[in-house]
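**Student:** Sequence:
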Amino acid sequence: MEEPKADPPRPSHSPRHRSLTRRRFWQLGAATAVAAADAGSLWQAGAASAAAQDYFDKAAELAGNDPVLTSLVDALSSGYAPPHPTAPAPQKIFDNVAVLSAGWVSATAILTSSGIILIDALTNPTEARRYIVSGLCTLGADPATIKYVVVTHGHGDHFGGAQYLADQYGARVMMAPADWNALAASRPPNAPTRDLNITDGQSLALGDTTVKLHYTPGHTAGSVSPIFPARWQGGAHTAMLWGGTAPPTATASKETYLNSILTFASKMSQAGVDVELSNHAFCDYGLERMTELRADPGISDNPFVLGTAKTKVFMQVMENMLRGRIALDQESTATTQAAGCC
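Add 35 to the 1-based position in the sequence shown for my numbering, that's all there is to it.
Bear in mind the hints are in silico, worked out from the structure with no lab data behind them.
These numbers come from a predicted model, not from an experiment.
Simulated restraints on C-beta separations:
#: 1; residue 1: G342; residue 2: K247; range: 17 to 23 Å
#: 2; residue 1: E323; residue 2: L297; range: 25 to 31 Å
#: 3; residue 1: L174; residue 2: S238; range: 23 to 29 Å
#: 4; residue 1: R207; residue 2: C172; range: 18 to 24 Å
#: 5; residue 1: P102; residue 2: D243; range: 31 to 37 Å
Calculated lysine to aspartate or glutamate pairs in the EDC-like style (CA-CA distance at most 16 Å, straight line):
#: 6; residue 1: K302; residue 2: D235
#: 7; residue 1: K127; residue 2: D331
#: 8; residue 1: K127; residue 2: D177
#: 9; residue 1: K345; residue 2: D309
Glycine included, every Cβ here is placed at the ideal spot set by N, Cα and C.
All chains, please: the whole structure from these sequences, using the hints.
**Tutor:** In structure tokens:
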């Protein structure tokens, strides 16, 4: 997520502007949201005529008072100002998954029997040394065993440390071709040298672990979201990490983003995903969940294990927020055209 560019001026719709008649639904909380998921998505592609506020209200209803879901509603709202929180300590959030965070943005290390698959590489070599290399050492993992750096998308806060890790440890850097091409055209600072292309649905195997890499364009043309195994206290789970959070400015790109949500939600269901992670942990209450886990590292109920029903709700909240953002665009366009025709 780069600092988002503001969308054009829009009508004053917001997920925080909610009708009093719906407030009773929001008090039902996470249990209501999980129950709603079992009924499937209520807002299909043919409902484009619904007002933007209806989608936002539906997202709020699904979220209830669950902090993971309400954080997501906020993060996907027009005009959202991302925070820049203090970097937390490096932390294993699963037996085989560690978060190495600069606060604003995080890298995720998947620890396998034959080395490390790193998801994203922070903003620059300094952050890579300070948070990734030092963090892995603190956790008893060897940064020299980083075999792959999977860049979820071509924004500087995700690829900036990748070339440093490649130079220092021989790690292979992976990105979707569309974002490799975008970096070649724009030549931003700290861009890695083109290395491995990610293909849609690719299985990346290392030791005892296989990560599935799925194209989820929208945030950028080459955004990628992984699905991978996570272990906690002897239990097996399946995690996903959404590759690019902030909705783009262009309506067509928002529509692409929405299609990616629907496609990836299907992949999640097929894989039995029950864990949700983000590379921007302020978007999903992730930093707070890390704090909770740090306070009680032996807790049996890992706060990152949402369950399959709630991960489905997570994607439905995303779906409705994007449908609302697209409807806002359409309303703004219609208002501008009406004003210009007189």
